[in-house]
Structures are given as structure tokens and as C-alpha cells.
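Student: Sequence lines, in order, name chains A and B. FYI, full-length UniProt numbering numbers position 444 of the first sequence as 444, with every residue one higher than the one before it. FYI, full-length UniProt numbering numbers position 167 of the second sequence as 167, with every residue one higher than the one before it.
Hints are computed from structural coordinates only; laboratory data are not their basis. A couple of the hints might just be wrong.
Heads up, the list lumps identical chains together, so a pair's fine if it works in one copy or across two of them.
[Said to hold, decoys possible] Here are the simulated lysine-lysine pairs, DSS-like style, with alpha carbons at most 27 Å apart:
#: 1; residue 1: K59; residue 2: K88
#: 2; residue 1: K310; residue 2: K383
#: 3; residue 1: K59; residue 2: K213
Number of protein chains: 2
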Amino acid sequence: MSEINRKSPESLQDRLEQVQELLERHRLVENLVHKQDGQHQELVEHLVHQQNLVELQRKLDELHPADVAYVLESLPLEERLAVWQLVKTERDGEILLEVSDAVRETLIADMDSHELIAAANSLDADELADLAPDLPRDIVRELMDSLDAQQRDRLKSALSYDEDQVGALMDFDMLTIRDDVSLEVVSRYLRRFDALPDHTDKLFVVDTEGLLKGVLSIKKLLVSSPDALVADVMADDPVVFDPADDAGEAAQAFERYDLVSAPVVDNLGRLCGRLTIDEMVDYIREESEAEVLNAAGLREEEDIFASVWKSVRNRWAWLAVNLCTALVASRVIGLFETAIEQLVALAALMPIVAGIGGNSGNQTITMIVRGIATGQVQVAHGKRLLRKEVGVALINGLFWGCVLAGIAYLLYGSVALAIVLLAAMTLNMLLAACMGVFIPLIRLRLGGDPALGSSVLITAITDSGGFFIFLGLATLFLL
Amino acid sequence: MSEINRKSPESLQDRLEQVQELLERHRLVENLVHKQDGQHQELVEHLVHQQNLVELQRKLDELHPADVAYVLESLPLEERLAVWQLVKTERDGEILLEVSDAVRETLIADMDSHELIAAANSLDADELADLAPDLPRDIVRELMDSLDAQQRDRLKSALSYDEDQVGALMDFDMLTIRDDVSLEVVSRYLRRFDALPDHTDKLFVVDTEGLLKGVLSIKKLLVSSPDALVADVMADDPVVFDPADDAGEAAQAFERYDLVSAPVVDNLGRLCGRLTIDEMVDYIREESEAEVLNAAGLREEEDIFASVWKSVRNRWAWLAVNLCTALVASRVIGLFETAIEQLVALAALMPIVAGIGGNSGNQTITMIVRGIATGQVQVAHGKRLLRKEVGVALINGLFWGCVLAGIAYLLYGSVALAIVLLAAMTLNMLLAACMGVFIPLIRLRLGGDPALGSSVLITAITDSGGFFIFLGLATLFLL
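Please model the entire structure based on the sequences and the hints provided.
Tutor: Quick look at the structure:
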């Protein structure tokens with residue numbers, strides 16, 4: 001009996017380091033060969049070089065596809081492509097499925113059409129559908145032609161759904177049984193397979209028309225008497241999904257009901273696919289990453305070793321939006337230039353009013369957007385939420401406003417200035433609270449996505465609003 | 001054969017509405033009873049009232065615990081507690097496990113010690129460990145005493161780990177077998193159970209000492225010959241975890257290797273628990289929510305219907321930090337008050353320099369922090385990443401700087417001012433890029449968490465830095 005091989009995350013890090021070390025050695029040898037051009041030397045180095053490559057290749061062959069993907073994502077472009085060349089062609093497909101979109105692009109760009117078709121041929125229809133959007137169009141057409149009728153139909157169906165729909169995430173690795181056989185027969189049927197599809201925790205019970213009648217969980221199969229009929233032990237009220245369902249809601253259902261797999265049925269009740277927890281976990285992770293990236297002003301996931309130009313393209317859109325909102329805020333200040341000329345302390349204090357308002361507004365809007373996303377906040381809650389947020393803003397505004405007014409008094413010695421600052425901070429935080437509740441609820445009622453750019457919008461309002469309120473109050477009462 | 005009961009997310013929303021409608025009716029009747037105080041009337045209304053409550057209770061009994069949790073989270077405090085009273089006591093425990101931390105607090109606060117102990121008694125040791133931190137201390141002590149020795153040991157062990165460690169997330173529902181028996185024997189053994197633990201996709205093979213020797217996947221059990229020995233068909237290199245492992249890394253391993261369950265072994269190789277995908281999914285979701293909330297300046301998950309005071313407490317810490325950084329920026333401006341007095345356009349333009357720098361710096365630091373979290377960025381990559389980010393910042397700074405300089409020239413008609421603005425924007429974006437790379441890498445080397453408050457830190461630097469660079473350059477070249 002061999003020892004347990006510990007595939008824990010630490011050792012993954014170790015393996016990445018091993019690959020990097022081998023690459024390093026490979027490069028050192030290459031440099032040596034370039035420098036010392038003697039015939040004999042070169043031959044020796046060539047052998048050493050080959051040996052390193054062979055060792056690296058052996059290492060890669062041993063790794064799980066997800067680990068190869070991780071290694072590829074962790075390497076700068078040049079080394080990434082060197083390693084990619086060493087990966088066996090028959091593994092290309094599964095590894096392309098595992099890498100991030102940004103890295104996949106760099107790998108596909110490095111492959112010729114022959115290699116791409118060879119890689120794609122090792123995949124199932126649902127996996128092909130995941131890859132297809134990144135492939136050149138003529139390759140996709142060629143692949144379509146090479147598939148049999150069933151696979152082609154499945155690929156077409158998967159491609160017909162939006163990437164946020166269940167239909168795009170489902171697979172077709174389903175085991176179906178009839179309900180009028182005994183569990184003994186089911187067990188014999190299963191033993192005819194060499195292996196069962198991944199994440200098979202239930203068998204789907206269908207009638208001769210393909211209509212789903214229930215599911216038989218494997219656990220139930222194992223504990224029940226072999227003589228029992230499928231119809232008697234199956235569950236006839238499973239959680240099912242429609243291919244047009246929203247993938248995010250499906251993921252929430254997987255979380256809520258602790259599912260491992262679930263049938264997908266069309267509107268006639270016919271079984272047409274299967275969702276599994278691994279796809280849902282990937283979906284949850286991607287969604288949450290998109291949220292974080294978006295909040296930071298990045299359009300999409302970026303290959304960390306991407307070229308400067310690629311990164312510029314990924315980032316310019318949000319910078320442009322930011323520039324516009326900053327310009328508006330700047331023009332608001334421009335309105336009050338005479339006031340600032342007369343009392344220059346205003347210039348130093350105004351960013352505080354805007355900044356605290358922005359922070360407070362972001363707190364509110366994040367809460368509301370989150371509540372909408374989980375379905376816990378509806379338009380009808382508006383009044384109640386507004387009351388609460390206004391209350392919070394009032395307390396925070398008055399408290400921090402007093403702290404700040406105290407500091408401003410110490411710095412500038414003017415009671416009137418301190419009072420204006422306190423009033424402006426409180427008013428701007430009230431504005432932030434109202435907008436933080438209104439904006440997402442209005443977008444919800446209009447049918448938009450309340451999350452998109454919400455932080456930019458609220459910051460724009462609290463910046464311009466904060467400058468306007470503070471400088472306006474100062475003009476009215478101080479000058 | 002009954003129809004398939006479609007438990008899709010839409011119908012969950014429906015059920016929430018049904019509960020709300022019943023609550024509404026219940027309240028209407030109560031109002032009626034209060035208004036019309038005739039003896040006879042009251043009796044009739046009382047009956048109607050009772051009927052509504054009974055219907056509501058029936059509805060709740062039918063719901064999955066996770067759905068009851070969802071309903072509770074979606075109701076304002078008063079109605080939430082009304083519904084909570086209607087939930088059967090024996091279900092309290094499982095529902096408390098499902099609700100969010102913030103909502104759980106409100107429910108526990110509404111229960112007396114008798115109810116709490118009844119609820120806790122229905123839970124396993126690992127579930128109790130999840131609940132224990134929210135329970136009053138004397139209740140936990142009382143519970144400890146009521147457990148048998150094995151359960152108490154398990155509870156103590158689970159409580160001894162940090163909530164970010166595998167030991168705190170593992171459960172003890174493991175099926176173990178020996179390796180010298182046939183699959184036939186294993187099947188017979190399994191049939192002795194009424195039900196198998198959730199997420200049982202593999203059986204753990206241990207020797208007489210409790211040392212893990214391998215795992216037998218259920219799928220393998222189903223397709224293999226009943227005469228085969230466990231030792232011959234089991235996998236002897238499963239992915240295993242240590243109770244002290246980081247939960248986030250375990251979650252990544254679950255994603256990477258598409259696991260459903262995995263054994264947890266101590267440093268002697270003894271099986272001590274089990275991790276399952278549902279716990280990992282919850283962990284992933286909680287981590288990503290914490291990231292989003294943190295980025296918005298919220299300390300922790302907030303019950304959307306929390307009281308004003310609770311919300312103020314949740315939010316004040318980040319506001320305080322923000323106030324400090326804003327004060328520093330304000331003092332930087334204060335240094336240049338004479339410059340602003342002489343050229344008031346500076347006051348209007350300076351927020352643009354600071355704002356764009358902040359956006360750009362956040363883009364950089366988010367990329368780097370994310371790369372560190374996934375292990376793809378190491379300290380050794382610093383130079384390469386710095387080169388790339390500086391390149392991106394230079395291009396963006398010069399491009400947007402030129403756009404802005406053009407606008408400033410149109411507004412103020414001064415070439416010198418436009419050039420100073422261009423220079424300040426570019427320099428501040430370079431500062432943002434350098435700090436966006438340095439800060440997380442330095443914190444990584446020092447062993448801290450690079451994510452914590454990274455956005456606040458970089459924004460503080462680009463604000464104060466932007467004001468200083470712009471006003472400083474203006475003082476040097478324009479006055």
C-alpha cells in the first residue's frame with residue numbers, strides 16, 4: 001500500500017516552483033549554448049537541455065489539468081507558451097477549459113488550426129460550447145461538420161443560450177433509467193459502465209417519451225432493498241431547472257438545497273440536460289470576481305502578465321467615466337471660484353465633505369444592491385429602508401460633522417465656518433443616503449441591473465453634491 | 001405518479017409573497033379586532049385570525065429550512081419574529097444554521113434559554129460549533145454538559161480552530177470501511193443504514209488504528225465487480241486536508257479538483273473529519289461578500305432591516321478611517337493656501353488629479369491583490385509587474401492628461417496651467433502604479449493580508465499625493 005499522496009494547496013505551490021526551477025535551468029543552458037559556440041560544448045549542453053525539457057514534460061504529464069492551468073496562469077507570457085508547447089496535444093482541450101478567459105486567449109493565439117481542432121475533438125458538446133466563443137469562426141464551423149448529429153444538436157442548443165443562462169452551463173452526461181424496474185436491475189445496468197459521469201449523485205427517471213418522472217439518488221439506491229421498484233424509492237419532487245433560467249438563481253438554489261447535480265427539463269417536461277455543482281461553483285466564483293473587478297474600475301478579468309496595451313484597453317473605459325464625473329465636480333467648484341478666492345480655507349475643507357459623503361453613500365448603496373441581488377429587498381420596502389438610512393446618515397453626519405467642525409475651528413478659528421462645515425457634512429450624508437436607496441430601487445423598477453456602476457454613480461453625486469452644498473452654504477452665510 | 005414539483009427560484013419568490021400576504025391578512029384582522037370591540041364580532045374575527053395563523057404555520061412546515069431562513073431574512077424585524085414564533089421548535093436548530101449571522105442574532109435574542117437548548121439539542125457537534133459563538137456563554141456550558149463524551153470532544157475540537165481553518169468547517173458524518181473486505185460486503189454494510197450522510201460520494205478506508213489508507217468512491221463501488229476487494233479498487237492518493245489548513249485554500253482545492261467530499265487527517269495520518277462541497281460553497285460565498293462589503297466600507301454583513309443603532313456601529317469604523325485620510329489630504333491643501341488664493345483655478349482642478357489617480361491606483365492594486373490571493377503573484381514578480389503597471393500608467397496618464405489639459409486650456413486659457421495639469425496627472429498615476437504594486441508585495445513579504453483596506457490606503461496616497469504634486473508644481477511654475 002503506497003503512502004497517501006498529499007495534494008494539498010501548499011504542495012501545488014511547490015509544484016509551481018519546481019516547474020519554474022526547471023524552466024530557469026532550461027534558460028540558463030540556452031544562454032550557455034549561445035555564449036560558448038564550440039561544437040563539442042554545444043552538443044553536451046544540448047543533451048543537458050533535452051534532459052531538462054524531458055523532466056519538465058514528465059512533471060507536466062503528472063499534473064491534474066487544473067494544476068497545469070494554474071501553472072500556465074502563473075507564468076509570464078514567454079514562459080507560459082514554452083510550457084504550453086510541452087503539454088501533450090490530447091490534454092490541450094481539457095486544460096483550455098480550466099484556464100481563465102484572458103489566459104486562454106493567449107494560448108489559442110499560439111495554436112494553429114490543426115492543433116485547435118485536435119484539442120477540440122477531445123471535448124464533449126457542452127465543453128465545446130464553453131470554448132467556442134474564443135475560437136476562430138472557421139474552426140468552429142469545421143468542428144460543427146465533424147460532429148455527429150446528436151452532438152451537433154447539443155452544441156447548437158448550448159450555443160443558443162446566453163452565458164448567464166442554465167442552458168449554457170448544463171452538460172449532457174446523464175444516466176437515465178425507467179421507473180418500472182427493480183433496484184437490482186439498476187445496479188446491474190450501472191455495472192456495465194467502465195465509469196460513471198462525474199458528480200453522479202442521482203439517476204434520472206424518465207418515461208419512454210423522455211419526460212422526467214423523478215430522480216433516484218445513489219444514496220437511496222445503496223441503502224434500499226434490491227427488490228424494490230425504482231418507482232417506489234425515487235423522489236418525485238426534485239429541484240429542476242429550465243434551460244432559460246438565470247444561472248445566478250440556479251447557483252443560489254444549489255447553495256440553498258445543497259445540491260450536487262440537478263436535472264434540466266424543457267417546458268414540456270422533457271429531460272434535456274444536467275447541472276452540476278462544479279459548474280455552479282465556477283459560476284459563483286466568476287460572478288463575485290466580476291463584482292470586485294468592476295468595483296475597482298476594471299472591465300473584465302485581466303491576465304496579470306498581459307501586455308501593457310491589453311491592460312490599457314481593459315482599463316480605459318472606467319477611467320473615461322471617472323474623468324467625466326471628475327470634470328462635473330470640477331465645474332461645480334468653478335461656480336464658486338470667487339467664494340474660494342475670498343476664503344481659501346474652503347478649498348482645503350471641501351474634499352472632506354465630498355469624501356465622507358462618498359464613503360457613506362457607498363455603504364448604503366452596497367447594502368441595498370446586495371439585498372436586491374438576493375431578492376430580500378423589493379421596491380415596496382423603499383420607505384422603510386429610506387427611514388433607516390436617513391437615520392443612520394443623520395447620526396453619522398452630526399457626530400463626525402461635530403468632530404470635524406471642532407478640528408476646523410482649531411485650525412481656522414471661525415465658529416461660522418465650523419457650523420457651515422457641520423451642516424454641509426450632514427446634508428451631504430443625507431443626500432448620499434437618499435440616493436443610495438433611490439438609485440438601485442428605481443433601476444430595479446425600470447428593469448435594469450442595480451449593481452452596474454452603482455459605486456461610480458453614487459460617488460459622482462456625493463462629490464458634486466458635496467462641493468455644491470458646502471460652497472453654496474459658505475457663499476450664503478460666510479461671505 | 002405525482003407531477004414534478006418545480007422548486008425553482010421563482011417559486012421561492014412566490015412562496016415569500018404568500019407568507020407576506022398571510023401576515024398582512026393576519027395584521028388586518030388584528031386591526032379589525034382592535035377597532036370593533038363587540039363581543040360577537042371579536043369571536044368571529046378571532047376564528048378568522050386563528051385560521052390565517054394555522055394556514056401560515058402549515059405553509060412554513062412545508063418549506064425547506066433554507067427557504068424558511070430566506071423568508072426570515074426578507075422580513076422586517078417585527079414580522080420576522082412573528083413568523084419565527086410559528087416555526088416548530090424542533091426545526092429551530094437547522095433554521096438557525098441557515099440564516100445569516102446578523103439575522104441569527106435577532107432570532108437568538110428573541111429566544112429564552114429553554115428554547116435555545118431545545119434547538120441546539122437537535123444539532124450535531126459540528127453544527128453546534130457553528131452556532132456556539134452566537135449563544136450566551138451559560139447556554140454553551142449547559143450544552144457541553146448534556147453531550148456524550150465523543151460529541152463533547154468533537155465540539156471542543158471544532159471550537160479550538162479559527163473560523164478560517166479546515167478544522168472549524170469539517171463535519172464528522174463519515175462512513176469508514178476496511179480495505180480487506182469485498183465490495184459485496186461493503187454494499188451489505190451500507191444497506192444496514194436507513195440513510196447515508198449528505199454528500200457521501202466516497203467511503204473512507206482506514207486501518208484498525210484509524211489511519212486513512214485511501215478512499216473508495218461510490219461511483220467505483222457501483223461499476224466494479226462485487227467480488228473485488230476494497231484494497232484493489234480504492235484510490236490510495238486522495239486529496240486530503242489537515243485541520244489546521246486554511247479554509248480558503250481548501251475551497252480552491254475543491255474547485256480545482258471538482259471535489260464533493262474529502263477526508264481531513266491529523267498530522268499522524270489519522271482520519272479526524274470530513275469536508276464537503278456545501279460548506280466550501282458557503283465559505284466561498286461568505287468570503288466574496290466580505291470582500292465586496294469591505295471595499296464599500298462596511299465592517300461586516302448587515303441585516304438589511306437592522307436598527308439604526310446597529311447599522312451605525314457597523315459603519316462607523318470605516319468612516320473614521322476615511323475621515324483621517326481626508327483630514328491629511330485637507331492639510332496638504334492647507335499647505336498651498338497662498339497658491340490657491342493667487343490662482344483659484346487650482347482649487348477647481350485639483351480634485352480631478354486626485355480622483356483619476358485614485359481610480360487608476362485601485363485598478364492596479366486590485367489586480368495585484370487578486371493575483372496574490374490566487375498565488376499567481378509572488379514577491380519575485382515585483383520588477384516585471386512594476387514595469388507593466390508603470391507602462392500602463394504612463395500611457396493612460398499622458399492620454400487622459402492631454403484630454404484634460406485641452407479642456408483646462410479652453411476653460412482658463414493658460415498653456416502653462418494646462419501643462420502643469422498634464423504633468424501632475426501623469427506623475428500621480430505613476431505614483432498610483434508604483435504604490436499599487438509595492439504596497440501589496442511589501443505586505444505579502446511582511447506576512448500580512450494584502451487585501452485588508454488596500455483600497456482605502458491607495459486612495460489616501462493618491463489623494464494627498466495628487467494634491468501635493470499638482471499644487472507643488474503649480475507653486476513652482478505658475479506663481
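Student: Each hint should be assessed against the structure and marked as holding or not.
Tutor: Do the hints match the structure? See the list:
Proximity of K59 to K88 under the C-alpha cut-off of 27 Å is restricted to the intra-copy arrangement: shortest distance 12 Å within a copy versus 57 Å between copies. Taking identical chains as interchangeable, the C-alpha atoms of K310 and K383 lie at most 27 Å apart only when they sit on different chains, with a minimum of 19 Å there against 45 Å within one chain. Taking identical chains as interchangeable, the C-alpha atoms of K59 and K213 lie at most 27 Å apart only when they sit on different chains, with a minimum of 25 Å there against 47 Å within one chain.
Violation of the numbered hints given earlier is absent; every hint is satisfied by the structure.
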